[in-house]
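Here the structure of chain A is known, so what remains is to put chain B in place on it, guided by the hints.
Quick note, the sequences are listed as chains A and B, same order. Quick note on numbering: the first sequence equals residues 103 to 535 in this note's numbering. Quick note on numbering: the second sequence equals residues 103 to 535 in this note's numbering.
Please note: incorrect hints may appear among the correct ones.
[Said to hold, decoys possible] Computed footprint of chain A on chain B, listed as stretches where at least three residues anywhere in the stretch have a Cβ under 8 Å from a Cβ of chain A:
hint: 1; segment: 306-314
hint: 2; segment: 319-330
hint: 3; segment: 341-351
hint: 4; segment: 354-361
hint: 5; segment: 378-388
hint: 6; segment: 391-402
hint: 7; segment: 468-477
Because the hints were derived from the structure by calculation, they are not lab data. Here a beta-carbon is modelled for each residue, glycine too, at the ideal position from N, C-alpha and C.
Number of protein chains: 2
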Amino acid sequence: MGNGIKLDVSGEEVVAQLLHLATFSDDPNPAVTRIVFTKNDLLARGYVKELMAAAGLKIREDPMGNIFGRWEGSNVSTGAVVTGSHADAIPLAGAYDGTLGVIGPIAAVAALRRAGFRPRAPIDVLMFTSEEPTRFGLGCIGSRGMAGELTAALLDEKLDVNGTSFQAASTAAGYGGASHQEILEGTRIKEGAVAAFVELHIEQGPLLEKEGTQLGIVTAIAAPAALRVFFSGDGGHAGALLMPYRNDAGLAAAEVALAVEAAVLKTGAIDAVGTTGLFEIGPNTVNSVPREAKLEIDIRDINKDRRDAIVASVLKTVEEVAKRRKVRHRVEIINQDAPAICSDKVIAAATEAAEALGGSHKRMVSRAYHDSLFMARFAPTGMIFIPCRGGWSHRPDEFASPADIERGVKALALTLAKLAGSAGDETGAHTEL
Amino acid sequence: MGNGIKLDVSGEEVVAQLLHLATFSDDPNPAVTRIVFTKNDLLARGYVKELMAAAGLKIREDPMGNIFGRWEGSNVSTGAVVTGSHADAIPLAGAYDGTLGVIGPIAAVAALRRAGFRPRAPIDVLMFTSEEPTRFGLGCIGSRGMAGELTAALLDEKLDVNGTSFQAASTAAGYGGASHQEILEGTRIKEGAVAAFVELHIEQGPLLEKEGTQLGIVTAIAAPAALRVFFSGDGGHAGALLMPYRNDAGLAAAEVALAVEAAVLKTGAIDAVGTTGLFEIGPNTVNSVPREAKLEIDIRDINKDRRDAIVASVLKTVEEVAKRRKVRHRVEIINQDAPAICSDKVIAAATEAAEALGGSHKRMVSRAYHDSLFMARFAPTGMIFIPCRGGWSHRPDEFASPADIERGVKALALTLAKLAGSAGDETGAHTEL
Chain A
103 MGNGIKLDVS GEEVVAQLLH LATFSDDPNP AVTRIVFTKN DLLARGYVKE
153 LMAAAGLKIR EDPMGNIFGR WEGSNVSTGA VVTGSHADAI PLAGAYDGTL
203 GVIGPIAAVA ALRRAGFRPR APIDVLMFTS EEPTRFGLGC IGSRGMAGEL
253 TAALLDEKLD VNGTSFQAAS TAAGYGGASH QEILEGTRIK EGAVAAFVEL
303 HIEQGPLLEK EGTQLGIVTA IAAPAALRVF FSGDGGHAGA LLMPYRNDAG
353 LAAAEVALAV EAAVLKTGAI DAVGTTGLFE IGPNTVNSVP REAKLEIDIR
403 DINKDRRDAI VASVLKTVEE VAKRRKVRHR VEIINQDAPA ICSDKVIAAA
453 TEAAEALGGS HKRMVSRAYH DSLFMARFAP TGMIFIPCRG GWSHRPDEFA
503 SPADIERGVK ALALTLAKLA GSAGDETGAH TEL
Chain B
103 MGNGIKLDVS GEEVVAQLLH LATFSDDPNP AVTRIVFTKN DLLARGYVKE
153 LMAAAGLKIR EDPMGNIFGR WEGSNVSTGA VVTGSHADAI PLAGAYDGTL
203 GVIGPIAAVA ALRRAGFRPR APIDVLMFTS EEPTRFGLGC IGSRGMAGEL
253 TAALLDEKLD VNGTSFQAAS TAAGYGGASH QEILEGTRIK EGAVAAFVEL
303 HIEQGPLLEK EGTQLGIVTA IAAPAALRVF FSGDGGHAGA LLMPYRNDAG
353 LAAAEVALAV EAAVLKTGAI DAVGTTGLFE IGPNTVNSVP REAKLEIDIR
403 DINKDRRDAI VASVLKTVEE VAKRRKVRHR VEIINQDAPA ICSDKVIAAA
453 TEAAEALGGS HKRMVSRAYH DSLFMARFAP TGMIFIPCRG GWSHRPDEFA
503 SPADIERGVK ALALTLAKLA GSAGDETGAH TEL
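Only chain A is shown next, with the shape it has when bound in the complex (with noise of 0.2 Å):
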């Protein structure tokens, strides 16, 4: 590489750290389980912020419970270069989905040290608080905080299932403060404060690994909604009930999930997908006429105005399925984001990064829903994926190797030197950002 940075990365002891990090899980190994704010999701933190010491990077906590670890520069008067990940994990995902681009970065930046580079710019590994939706049914809630993509109005709606609140629970944590609208002004990133953003990620996706690729410089993230809908009917008696008088919600709902496959499928394009995702009935026994009936749906594309059109098909079907059911409806739209569009200037950093490690890459856009979403919003921002087995992830077998693994945290290792400058260079990366 131009700069000439000899990186020394272990892949197995980062795999050891992820590894010590799932041990962290409401449900036994390899299935990991790990929900904001809850007691292993603390821990996880302590043991992210024990390696962040070790690494020399000073700790800095906002009241969303966002957490910086930040290896200072010489230009004390520059944004920063920022790269992380998150640590939560939906029930029974894995072991690498987040956390790579979490402890990935603090091995980045030792190696970088350890290569006698110094920074001229700062550099902050990150640890975002709930990019998962599980708890409050909105993910990335701590990237969409700092980006001010986050009214206090609406994380009041956000209850968890026991009816606590983000407020609560963060402030239970140890973080938060007296309101929303307190914690967000606590969280929101100052204009200039960012430089640029980089995420180290797995693929997620099949692509990589069946092509042989070794790594994936994203150039768009695509462009996710979710929906709830709620159908109720007025249920009875499985055998006593005659079908001319049901308004089955059940049935309803049934239709709706096939409705949004095929409103998919309609498109034609591979880059858009419709999952429903939780489906519950009630009072959900053998011998009653569902009464009601919730779904969660999750639709992206990375083509904004596509994506749309499928929501606005499935909301169609909903009205159209209540009206000849005779059930009564409800929907919520959860969220409904733009795609971002990655920075030149972060592919640049992030493709020379790759060809000095000499071996394969390729562009690629990210289907999955990450924090760089968000980031994108208020700073120049980048992503590089590295393959996962089988494109498996939200699963207890999600696996990257080690090798693969090595390569992807010592390109986010170059890709950070490139940004943040050499202490040496007073001229350098920093200015072209």
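Showing chain B alone in chain A's frame:
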């Protein structure tokens, strides 16, 4: 009525007892949730035994927890005339289903006693154990056991969600025995011990109310079948896993739920009903492609061959959907019982009772599942229905009016008197059975 019995029954008093029984519930009233052998089920049993004792009935309980309250007859060597129903309730059910057939008979017997009637055959008021399938996934456990229609091997398989067996749960509740075999041997009714069985119940359908008919006399009980269907796919991330690579267990389940409805409607028979009452997917989070799905399906008809054809059609759809969607599948037949034809003698006795009361009545089919289905396997059996509001049952707003309840209890009392015969008439009704 021929034998000139003058009955004094207070519908309001029976309602007050039903509403007191309803307070033994895991959910706040008006909802009633009472699962067999839980604390509230045991409290309800205690209350029923108090009422039985107050009516002068001699209490006996069998190893399955079926409770008998006996009014001795003048002829101690003849089989008993038995009447009863159940007091367990599915989650979020109401105060009348089953319970009317437990509380009502106690009031009927008390009224007969007050009227100076003395039975020739003994009369047993019976509360059955676990008519609802909620806890062990099998309905009518008590009456199946009495009929000798259960095997120890089947009971061994039926564990509750915590892995507790019927043997363990019944023994912990003060019933039970060393093994399912021992429990079954102690429960089975000896030949000739039951001369007739009659069950008082709310209709659980809308016909009596719609037509303004006061009493229903049941001629047949529809044949129930229940299936459990499991699908499993490979799951994956809702954003990253492209549509062509998915095998979504939730969508397979949605197709089957709709196919159950379609198969029933295709028969064109008003008596055929099919319900997917339980629908669960895993991991059940918005951003995961469903990896697992479980359905419980209830199919009933008064025509066994037509019912079996619907079951076969659903099983075929399960195979077809699993193959097309590349998901794994497994089916369990929970039960597939034969319909019951009611006894002419019991129908005649109930009809005579209805006519003596002077109101309207009609013959009808029971489309709901009752312990009567299994009592009919070894004893002449019949049922008396009263109207219920909207045909609703298995709902918190389940309701029958005090006037309809009073009439039902009186009809039951006269039917019991006819079937048991009078102590003064040793050549009476009994020999007709």
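Hint by hint, here is what the structure shows:
{"no.": "1", "hint": "306-314", "verdict": "holds (count 3)"}
{"no.": "2", "hint": "319-330", "verdict": "holds (count 3)"}
{"no.": "3", "hint": "341-351", "verdict": "holds (count 8)"}
{"no.": "4", "hint": "354-361", "verdict": "holds (count 5)"}
{"no.": "5", "hint": "378-388", "verdict": "holds (count 11)"}
{"no.": "6", "hint": "391-402", "verdict": "holds (count 7)"}
{"no.": "7", "hint": "468-477", "verdict": "holds (count 4)"}
Going through the hint list in order, the structure satisfies each hint without exception.
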